[in-house]
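With the sequences and hints as input, model every part of the structure.
The listed protein sequences correspond, in order, to chains A and B. Start counting the first sequence at 1; every next residue gets the next number (this note's numbering). Start counting the second sequence at 1; every next residue gets the next number (this note's numbering).
Just so you know, these hints were derived from the structure itself, not from any lab. It cannot be assumed that every hint is accurate.
[Claimed, not checked] Dumping the calculated BS3-like pairs for lysine-lysine here, alpha-carbon to alpha-carbon at most 30 Å:
{"hint": "1", "chain 1": "B", "residue 1": "LYS180", "chain 2": "B", "residue 2": "LYS208"}
{"hint": "2", "chain 1": "A", "residue 1": "LYS191", "chain 2": "B", "residue 2": "LYS260"}
{"hint": "3", "chain 1": "B", "residue 1": "LYS208", "chain 2": "B", "residue 2": "LYS53"}
{"hint": "4", "chain 1": "B", "residue 1": "LYS180", "chain 2": "B", "residue 2": "LYS141"}
{"hint": "5", "chain 1": "B", "residue 1": "LYS126", "chain 2": "B", "residue 2": "LYS272"}
{"hint": "6", "chain 1": "B", "residue 1": "LYS242", "chain 2": "A", "residue 2": "LYS92"}
{"hint": "7", "chain 1": "B", "residue 1": "LYS213", "chain 2": "B", "residue 2": "LYS282"}
{"hint": "8", "chain 1": "A", "residue 1": "LYS154", "chain 2": "B", "residue 2": "LYS135"}
{"hint": "9", "chain 1": "A", "residue 1": "LYS191", "chain 2": "B", "residue 2": "LYS272"}
{"hint": "10", "chain 1": "A", "residue 1": "LYS92", "chain 2": "B", "residue 2": "LYS306"}
{"hint": "11", "chain 1": "B", "residue 1": "LYS260", "chain 2": "B", "residue 2": "LYS208"}
{"hint": "12", "chain 1": "B", "residue 1": "LYS260", "chain 2": "B", "residue 2": "LYS91"}
{"hint": "13", "chain 1": "A", "residue 1": "LYS278", "chain 2": "B", "residue 2": "LYS344"}
{"hint": "14", "chain 1": "A", "residue 1": "LYS157", "chain 2": "B", "residue 2": "LYS344"}
{"hint": "15", "chain 1": "A", "residue 1": "LYS191", "chain 2": "B", "residue 2": "LYS306"}
{"hint": "16", "chain 1": "B", "residue 1": "LYS135", "chain 2": "B", "residue 2": "LYS119"}
{"hint": "17", "chain 1": "A", "residue 1": "LYS133", "chain 2": "A", "residue 2": "LYS163"}
{"hint": "18", "chain 1": "B", "residue 1": "LYS272", "chain 2": "B", "residue 2": "LYS218"}
{"hint": "19", "chain 1": "B", "residue 1": "LYS180", "chain 2": "B", "residue 2": "LYS40"}
{"hint": "20", "chain 1": "A", "residue 1": "LYS143", "chain 2": "B", "residue 2": "LYS336"}
{"hint": "21", "chain 1": "A", "residue 1": "LYS191", "chain 2": "B", "residue 2": "LYS282"}
{"hint": "22", "chain 1": "B", "residue 1": "LYS126", "chain 2": "B", "residue 2": "LYS213"}
{"hint": "23", "chain 1": "B", "residue 1": "LYS135", "chain 2": "B", "residue 2": "LYS260"}
{"hint": "24", "chain 1": "A", "residue 1": "LYS133", "chain 2": "B", "residue 2": "LYS213"}
{"hint": "25", "chain 1": "A", "residue 1": "LYS157", "chain 2": "B", "residue 2": "LYS345"}
{"hint": "26", "chain 1": "A", "residue 1": "LYS163", "chain 2": "B", "residue 2": "LYS336"}
{"hint": "27", "chain 1": "B", "residue 1": "LYS344", "chain 2": "A", "residue 2": "LYS143"}
{"hint": "28", "chain 1": "B", "residue 1": "LYS345", "chain 2": "A", "residue 2": "LYS154"}
{"hint": "29", "chain 1": "A", "residue 1": "LYS133", "chain 2": "A", "residue 2": "LYS278"}
{"hint": "30", "chain 1": "B", "residue 1": "LYS270", "chain 2": "A", "residue 2": "LYS191"}
{"hint": "31", "chain 1": "B", "residue 1": "LYS344", "chain 2": "A", "residue 2": "LYS154"}
{"hint": "32", "chain 1": "A", "residue 1": "LYS278", "chain 2": "B", "residue 2": "LYS306"}
{"hint": "33", "chain 1": "B", "residue 1": "LYS91", "chain 2": "B", "residue 2": "LYS113"}
{"hint": "34", "chain 1": "B", "residue 1": "LYS282", "chain 2": "A", "residue 2": "LYS92"}
[To be verified] Reference listing, derived: stretches of chain A covered by chain B, where coverage requires no fewer than 3 residues with Cβ under 8 Å from a Cβ of chain B:
{"hint": "35", "segment": "27–33"}
{"hint": "36", "segment": "143–150"}
{"hint": "37", "segment": "227–237"}
The beta carbon of each residue, even a glycine, is placed where N, CA and C say it ideally should be.
Each chain, letter by letter, is given below.
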Amino acid sequence: MKANVKACDEEYYTHVEGIGSIPRDIYKYVTSDPMGDLPRFSIHIVIQHTLFFISFLVLVSTGLPIYFSDVFWSPYVIALYGGIDIARIIHKTGAVIMILASMYHLITVVGGTMLKILKKEFDLKRTQIPRLKDLYDLIDDIKYFLGREPYRPKMEKFMYKQKFHYFAVMYGSFVLTAAGLALLFPDMAAKLLPQTIGKIFSPVLIGAESFAAFFQDLARLMHADEAILALIVLAFWHWINVHFVPGRFPIQWTFLTGRIMREHQIEEHFLEYLNNLKEIPEEREYMRNLLSDNNLGVPSPESGKSILADVPDIH
Amino acid sequence: MEISKKCIVLYVLWLGINTLFFNDSLAVAADKENCLMCHKHRFNARIDENGRKRNYHVNENLYSHSVHRNISCRDCHTYITKIPHDPVTLKVNCANQCHIRPPFAQEKFSHRKIVDLYKNSVHGGKPEDSEILQKALPNCKFCHLNPLYSKISEKRVSYKETLARCNNCHPQSGVEMAYKHITHRLRKKTSRSSREIVQLCGKCHGDKNLMQKLNVSKKAMDAVESYNRSVHGKLVQLGSQKAANCINCHASSALHDINKADNPGSTISKDKIMNTCRQCHKNTDEMFVDIAVHPDITHAGNPIIKMISLSLGLGMYGSVLALVGLLLLETVGRRKDGARLVLKKGTTWYGKQKSVSGKKK
Numbered sequence: 001m002k003a004n005v006k007a008c009d010e011e012y013y014t015h016v017e018g019i020g021s022i023p024r025d026i027y028k029y030v031t032s033d034p035m036g037d038l039p040r041f042s043i044h045i046v047i048q049h050t051l052f053f054i055s056f057l058v059l060v061s062t063g064l065p066i067y068f069s070d071v072f073w074s075p076y077v078i079a080l081y082g083g084i085d086i087a088r089i090i091h092k093t094g095a096v097i098m099i100l101a102s103m104y105h106l107i108t109v110v111g112g113t114m115l116k117i118l119k120k121e122f123d124l125k126r127t128q129i130p131r132l133k134d135l136y137d138l139i140d141d142i143k144y145f146l147g148r149e150p151y152r153p154k155m156e157k158f159m160y161k162q163k164f165h166y167f168a169v170m171y172g173s174f175v176l177t178a179a180g181l182a183l184l185f186p187d188m189a190a191k192l193l194p195q196t197i198g199k200i201f202s203p204v205l206i207g208a209e210s211f212a213a214f215f216q217d218l219a220r221l222m223h224a225d226e227a228i229l230a231l232i233v234l235a236f237w238h239w240i241n242v243h244f245v246p247g248r249f250p251i252q253w254t255f256l257t258g259r260i261m262r263e264h265q266i267e268e269h270f271l272e273y274l275n276n277l278k279e280i281p282e283e284r285e286y287m288r289n290l291l292s293d294n295n296l297g298v299p300s301p302e303s304g305k306s307i308l309a310d311v312p313d314i315h
Numbered sequence: 001m002e003i004s005k006k007c008i009v010l011y012v013l014w015l016g017i018n019t020l021f022f023n024d025s026l027a028v029a030a031d032k033e034n035c036l037m038c039h040k041h042r043f044n045a046r047i048d049e050n051g052r053k054r055n056y057h058v059n060e061n062l063y064s065h066s067v068h069r070n071i072s073c074r075d076c077h078t079y080i081t082k083i084p085h086d087p088v089t090l091k092v093n094c095a096n097q098c099h100i101r102p103p104f105a106q107e108k109f110s111h112r113k114i115v116d117l118y119k120n121s122v123h124g125g126k127p128e129d130s131e132i133l134q135k136a137l138p139n140c141k142f143c144h145l146n147p148l149y150s151k152i153s154e155k156r157v158s159y160k161e162t163l164a165r166c167n168n169c170h171p172q173s174g175v176e177m178a179y180k181h182i183t184h185r186l187r188k189k190t191s192r193s194s195r196e197i198v199q200l201c202g203k204c205h206g207d208k209n210l211m212q213k214l215n216v217s218k219k220a221m222d223a224v225e226s227y228n229r230s231v232h233g234k235l236v237q238l239g240s241q242k243a244a245n246c247i248n249c250h251a252s253s254a255l256h257d258i259n260k261a262d263n264p265g266s267t268i269s270k271d272k273i274m275n276t277c278r279q280c281h282k283n284t285d286e287m288f289v290d291i292a293v294h295p296d297i298t299h300a301g302n303p304i305i306k307m308i309s310l311s312l313g314l315g316m317y318g319s320v321l322a323l324v325g326l327l328l329l330e331t332v333g334r335r336k337d338g339a340r341l342v343l344k345k346g347t348t349w350y351g352k353q354k355s356v357s358g359k360k361k
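If you want it as structure tokens, here you go:
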């Protein structure tokens, strides 16, 4: 019993040199600025998100009425854009913006990583690269949501949800770009693809009479399906996540300010918050004052037990 | 003297007003035989033996601005020999010679060449055709109206600018008409919009009952439907004039030579299809022409695409349901733990008393 208490105690309190022991649920006691307190995204990421945001809306609002051309609202949306021929030009312009933003992102990510490796500051845990820990985090988080665990897992800068979404967007924009190019230049695709990818697969495997026809059919399918999937995921998941989840209403300003709220950072990205404490002296000062003012974070021998006894009450 | 001058001025003014506002009555029609004596009346109509409404009114103003404005009535309606005429049983034959002699031509004008071309096309019909098929085949008038001249907007040079040079020598009205006629034919295959053409062809080819009676192939059966699913069809449905409509691919510039794919003269025959595609897709090669212009949405002939389509659909619904489920679970869990929807006084958390701070007392 005693050993068990001790172990839980260590998990609940995180001792940071020069600050004190930080309880896991300290996020309930900090004050946050809705515009964000702690750095999360660089200006590049903010610009890339804005470009993606705008181009995605433009692409969806011109692409959907073309795909669902027989639905009653399509002609009105197309008329808003000044006719189908103009809408097509706008769609292609949006696509170019999205492709440029993707390239910009790849350059900043690869370049930034190189720079960090050169400066010996690179930390795999602070990147989007998935680890096995993310799976455990997901399981622990579900346990917490169901009330089986007292606290959320301690997660890095990017949690399982964000990593999943990041790679979904990467895959989606790659597929959409490739399929869209095949639709825009069908004659080029018919020349190039059968000579490259088509050679790898045998025609028997593909089951089509012609490679060109197969790839064009595939592009038609993938472009539409992938776009609708992206729209549904963004509309029903991402937008709810940043607008309607408790604590985020009416909007999470990170996408413009590049900064995250303190309580959000501690709750969902605790390990990144520890990095913030190391890097930002003001934050160290804030946390030290908070702990000492409220008499928090110093587990006294007599209160240690009562805290743990109280844990189930939280849920 | 003074009075007669005033009279002349007034008369000229009267003529001017007439030409401006009462154009109808002054239009010079090709009505040498005075058919309009009866046919000018608006309610010159009846319901015939089969119950169809027939309208015999000829709007002189409209007719005199149409393509056939200089053709007298009996050039086409040759069977009329006396006034009042007998009930009409015959139909107009567009291969008739009319009394117009085109410039530089020795013979009278006739549509015979086009009619012959059309008779040889798939729509022309053959003596061995079934009765239903012969009934279903369209005649000239099924597609052709007697179109009015309309303005054409040009991108590079406005037609007025070009016409200004013609008008240096030629009388204005005739040249303008001829020019519009020629440019219209040069730039567009028909005076109908692409959407109207698809509707026109779809009148018969989209009629499944009729097509079933005619025993057409599976591909021809779904032709209209599958075209409307293709990107050409979708763009045309939304009003594009650039995307290919039916006759862009199925007819040459002679327009009436629509034929089945196995006919070597057809624009979609094996030898000619590449040239047909090249009208828009410049880099067409023998691979490109395999791409389905009338795509099959069921992917019946392509199990791999069918599988991908199915798994994409499953993946879509699966991931969306899983993500939204997790989101709901997360919201419920965090709400229970004391998370508020909105940030108030710098925090979204209430229920602190349950936790550590309560213990400091």
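Practice task
Would you list, in rising numerical order, the hints stated earlier that this structure does not obey?
Solution key: 1, 7, 8, 24, 32
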